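K.L.:
Sequence:
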Amino acid sequence: MEAEVDKLELMFQKAESDLDYIQYRLEYEIKTNHPDSAGEKNPVTLLKELSAIKSRYQTLYARFKPVAVEQKETKNRICATVNKTMNVIQNLQKQTALESIDMECIITFWST
Numbered sequence: 001m002e003a004e005v006d007k008l009e010l011m012f013q014k015a016e017s018d019l020d021y022i023q024y025r026l027e028y029e030i031k032t033n034h035p036d037s038a039g040e041k042n043p044v045t046l047l048k049e050l051s052a053i054k055s056r057y058q059t060l061y062a063r064f065k066p067v068a069v070e071q072k073e074t075k076n077r078i079c080a081t082v083n084k085t086m087n088v089i090q091n092l093q094k095q096t097a098l099e100s101i102d103m104e105c106i107i108t109f110w111s112t
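Numbering-wise, the sequence shown is residues 1 to 112 according to this note's numbering.
In case anyone wonders, no lab produced these hints; they're calculated from the structure.
Source: prediction; values computed, not measured.
Ideal Cβ positions, reconstructed from N, Cα and C, are used throughout, including at glycine.
Heads up, a few of these hints could be off.
[Unchecked claim] Once the Cα atoms are required to be at most 27 Å apart in a straight line, the calculated DSS-like pairs of lysine-lysine come out as: (1) K48 - K31; (2) K75 - K7; (3) K54 - K65; (4) K65 - K7.
[Claimed, not checked] Pair ranges (Cβ atoms, derived): (5) M86 - F64: 28 to 36 Å; (6) T74 - Q23: 35 to 43 Å; (7) I89 - K14: 40 to 48 Å; (8) L60 - K31: 41 to 49 Å; (9) E27 - V82: 31 to 39 Å; (10) D6 - S55: 19 to 27 Å.
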């Protein structure tokens with residue numbers, strides 16, 4: 001789950017970087033080419049639209065960040081609870097002289 005959160009965070013960062021680059025390229029091309037042809041969309045309007053899109057991405061990222069933090073905290077609490085439960089089970093097995101259950105699959109599942 002943590003890897004997925006990190007992956008989403010990187011995707012948002014890349015999207016923001018891509019938008020910055022597109023804006024830079026548009027500004028550069030507007031300055032160098034000075035398009036005066038009718039029928040084309042106004043370059044200033046395009047830049048404003050790009051800024052609006054970037055703002056929406058930033059808003060989405062701001063909403064996503066607390067969710068990511070909460071997911072990490074929840075995962076940590078679940079892992080702690082599973083570890084405590086495993087310790088209780090192992091202590092009960094020792095006290096009752098039962099064979100130890102192989103918990104490898106549970107450990108592997110929660111450590112990823």
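K.L.:
Taking the earlier hints as the rules, which of them does this structure contradict?
P.N.:
8 and 9
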